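Engineer: Residues per chain, in single letters:
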Amino acid sequence: MRNQRKNKMIFIGILALVVGSITIGFAAFSNVLTIRSSATVNPDPSTFNVSLSCATDSIDKSCEIAPTSDNTSVATNSSKASISADGKTLSNIGAAFTEPGQSVSYTVHAYNAGQYTAWVQEHGQDGVNSTSNTRVCTAGEGTSQELADAVCHDSISLLYTIGEFSSFGAGTHWYSSAPPVELKLGKQQYHDITITIKYKDGGARADGPFTVEFGDMYFNYGTTSPKDYTS
Amino acid sequence: MLNNKYKDKRIFSVILLIFVFCLSIGLALFSSSLNIKSTTTVSPSKDNFKLIATCTYNGTGDCEVTPTSDDPVLAENSSKAVIENTTNGMVIRNLNFYLTKPGDKIKYSFYVRNNGQYTAYMKNYGVRNVEGTQKVIKCTPGEGTSESMVSSFCSGFSLFLNFSTGASSSSGVMYGGAWERDLNSSLPMSPNSYRQVSIELTYSTSSSVVRVDGPLTVEMGEMYINYSSVPNS
Chain W
0 MRNQRKNKMI
10 FIGILALVVG
20 SITIGFAAFS
30 NVLTIRSSAT
40 VNPDPSTFNV
50 SLSCATDSID
60 KSCEIAPTSD
70 NTSVATNSSK
80 ASISADGKTL
90 SNIGAAFTEP
100 GQSVSYTVHA
110 YNAGQYTAWV
120 QEHGQDGVNS
130 TSNTRVCTAG
140 EGTSQELADA
150 VCHDSISLLY
160 TIGEFSSFGA
170 GTHWYSSAPP
180 VELKLGKQQY
190 HDITITIKYK
200 DGGARADGPF
210 TVEFGDMYFN
220 YGTTSPKDYT
230 S
Chain R
0 MLNNKYKDKR
10 IFSVILLIFV
20 FCLSIGLALF
30 SSSLNIKSTT
40 TVSPSKDNFK
50 LIATCTYNGT
60 GDCEVTPTSD
70 DPVLAENSSK
80 AVIENTTNGM
90 VIRNLNFYLT
100 KPGDKIKYSF
110 YVRNNGQYTA
120 YMKNYGVRNV
130 EGTQKVIKCT
140 PGEGTSESMV
150 SSFCSGFSLF
160 LNFSTGASSS
170 SGVMYGGAWE
180 RDLNSSLPMS
190 PNSYRQVSIE
200 LTYSTSSSVV
210 RVDGPLTVEM
220 GEMYINYSSV
230 PNS
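In order, the protein sequence lines correspond to chains W and R.
For the first sequence, numbering that gives the first Met the number 0 begins at 0 and goes up steadily by one.
For the second sequence, numbering that gives the first Met the number 0 begins at 0 and goes up steadily by one.
These are computed hints drawn from the structure, not numbers from a lab.
Here the structure is a predicted model, which means the values were calculated and not measured.
The beta-carbon is built from N, C-alpha and C at its ideal position, and this holds for glycine as well.
Certain hints may be false.
Unchecked claim - Counterexamples of contact, computed for chain R against chain W with all Cβ distances above 12 angstroms:
| # | residue |
| --- | --- |
| 1 | Arg-9 |
| 2 | Gly-131 |
| 3 | Gly-176 |
| 4 | Pro-187 |
| 5 | Asn-191 |
Unchecked claim - Derived CB-CB ranges, DEER-like:
| # | chain 1 | residue 1 | chain 2 | residue 2 | range |
| --- | --- | --- | --- | --- | --- |
| 6 | R | Ser-151 | W | Gly-185 | 14 to 20 angstroms |
| 7 | R | Ala-74 | W | Ala-27 | 38 to 44 angstroms |
| 8 | W | Thr-46 | R | Glu-130 | 32 to 38 angstroms |
| 9 | W | Pro-179 | R | Ser-207 | 26 to 32 angstroms |
Turn these sequences into a full structure, and let the hints guide you.
Structural biologist: Listed below in C-alpha cells is the structure:
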C-alpha cells in the first residue's frame, strides 16, 4: 500500500514536471527580423585624373612647350607644342632644320592628380591633318618637294621617352602600341615624356630649307596594368 | 457472543474509517493533480509576444526608412528602405547603399519595439547566402571595370550592425558562406521598451582594399535577427 502510494506520488511528480516543461516550452515564443539589402558602387570618373602637364606638381595644360636644341636658331624657328584639352595629346610638334646633325627636343610631364595608381596603356602617333602620314615635309624656297620628301623619310627620326622607357617612332604611318615594359605612375607623381626629332648626322642634304611636321602624339593611362609584365 | 459481535463491528468501523481516510487522501492527491492540470490550461497566447519594427521609437508599424550620410549625395542616391510587419515576422527590405569612394558611409536606422507582454531576447543573428550561390555577397562589375578588380574590392566588404543605443554592437563581414552568431548578452527588451537597430556600410579606407575603377552592383544575402521569449542558456 505504501509502495503503491509512493509510486503514485512519483508518477504525479513526473507528470507535473512534464506538464511544467511543456508549459515553459510553449511559452518560448520567437520572432525574426529579416533585412534584405544590396549596394551600388559608382566611382566618380574624375577621381582618376592623369594628364600631360607643364608642371611637375599639378596639372597645367595651358602652357606652350618650347623646344630645346643645341642650335639656337633651330630652337627658335621650330614650332611650340601644346597639350590638348583632354590632357592626352601633344600637338604641333615640328622642327625647322637647316643641315644634318641637328635636333630639337620637347619635354612635357605626365602628372597623376587622381586617387588611383596609373599605368600607360598605349602610346601612339596620329597622322598629320587626319591623313595616315605621321610626318609631312614641306620644301622651302630653293629646293624641291621631291628632295625634301626623300630627306624627310630617310634622314629624319623621332625618338621619345616615357619615364625610363625609350623608343623610336614607328615610322611614317600612324600607330598605337602598348609599352613593352611596365610604365607605372603613382598618385601625386609625375614622369617625363621627351620627344626628340633628329636630322641624322651625315644624312642626305636638301639644297634648300624645309620643314617637318609630325602628327600628334598621344598617351593613354588607365587604372590597371595593360598586361602582366612579370611573365 | 454479543461481545464478539460488538468487537467485529468495531473492527469493521475502524477498517471503514481507515478506508474512508485513505480514499480522502487519494482524492486529495487526485484533486492536487487536477490543480496542476488547471495551470496548464492557462496556455500563453502567441499574440502576447509581439515585436514590431518601426521607424521611430514610438512608431506603430510599417513605414519607410530614409538613409543618412555625411554626404547628402550618397543619402539621396541610396534608396529608402521599407519596413513591413508580417505574420511571418518583421521585414526590412529595399536597402540599397550607394557608395562612390573610400570613406563613404551610409546608415539605415530603425527601431524594434516590444509591444507584447513578455521580455524579448535577441538570441542570434546571421547572414544567408545569396540565392543560387554559396556566398553571402555577389559582386557584378559594370562597364569600365574588371572582374578581378571588383572581386578584390568585394573581399573587403563589410557591414556594421548596431543593436542598441548602447555599446552592444557587432560587425558583420560580408564574405564567404552563410554564418550565424550567438548574442551572448541576449540583449533583453522588456515590454513597452524599444531598441534601435542600425546598419552601416562603409567603403573601407584600408590600403588593402582595392579602390574600384568602375561601377559595380553588390547583392547581399538576407540578414536576420532571431528574437525569443527566453534568454540564451
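Engineer: For every hint, state whether the structure bears it out.
Structural biologist: To see whether the hints hold, each was checked on the structure:
No beta-carbon of chain W comes within 12 angstroms of the beta-carbon of Arg-9 (chain R); the shortest separation is about 22 angstroms. The beta carbon of Gly-131 (chain R) is kept farther than 12 angstroms from every beta carbon of chain W, the shortest such distance being approximately 15 angstroms. At roughly 18 angstroms from the closest C-beta of chain W, the C-beta of Gly-176 (chain R) stays outside 12 angstroms, upholding its exclusion from the interface. Its beta-carbon lying about 14 angstroms from the closest one in chain W, Pro-187 (chain R) satisfies the requirement of being farther than 12 angstroms from that chain.
Taking the minimum C-beta to C-beta distance to chain W, about 16 angstroms, the non-interface status of Asn-191 (chain R) holds against the 12 angstroms cut. Taking the beta carbon of each, Ser-151 (chain R) and Gly-185 (chain W) are about 18 angstroms apart, inside 14 to 20 angstroms as hinted. The hinted range of 38 to 44 angstroms is satisfied by Ala-74 (chain R) and Ala-27 (chain W), whose Cβ atoms lie roughly 40 angstroms apart. For the pair Thr-46 (chain W) and Glu-130 (chain R), the supplied restraint of 32 to 38 angstroms holds, since their beta-carbon distance comes to about 33 angstroms.
Checked against the hint of 26 to 32 angstroms, the C-beta distance between Pro-179 (chain W) and Ser-207 (chain R) comes to roughly 30 angstroms, which is consistent with it.
Violated hints: none; the structure is consistent with every hint.
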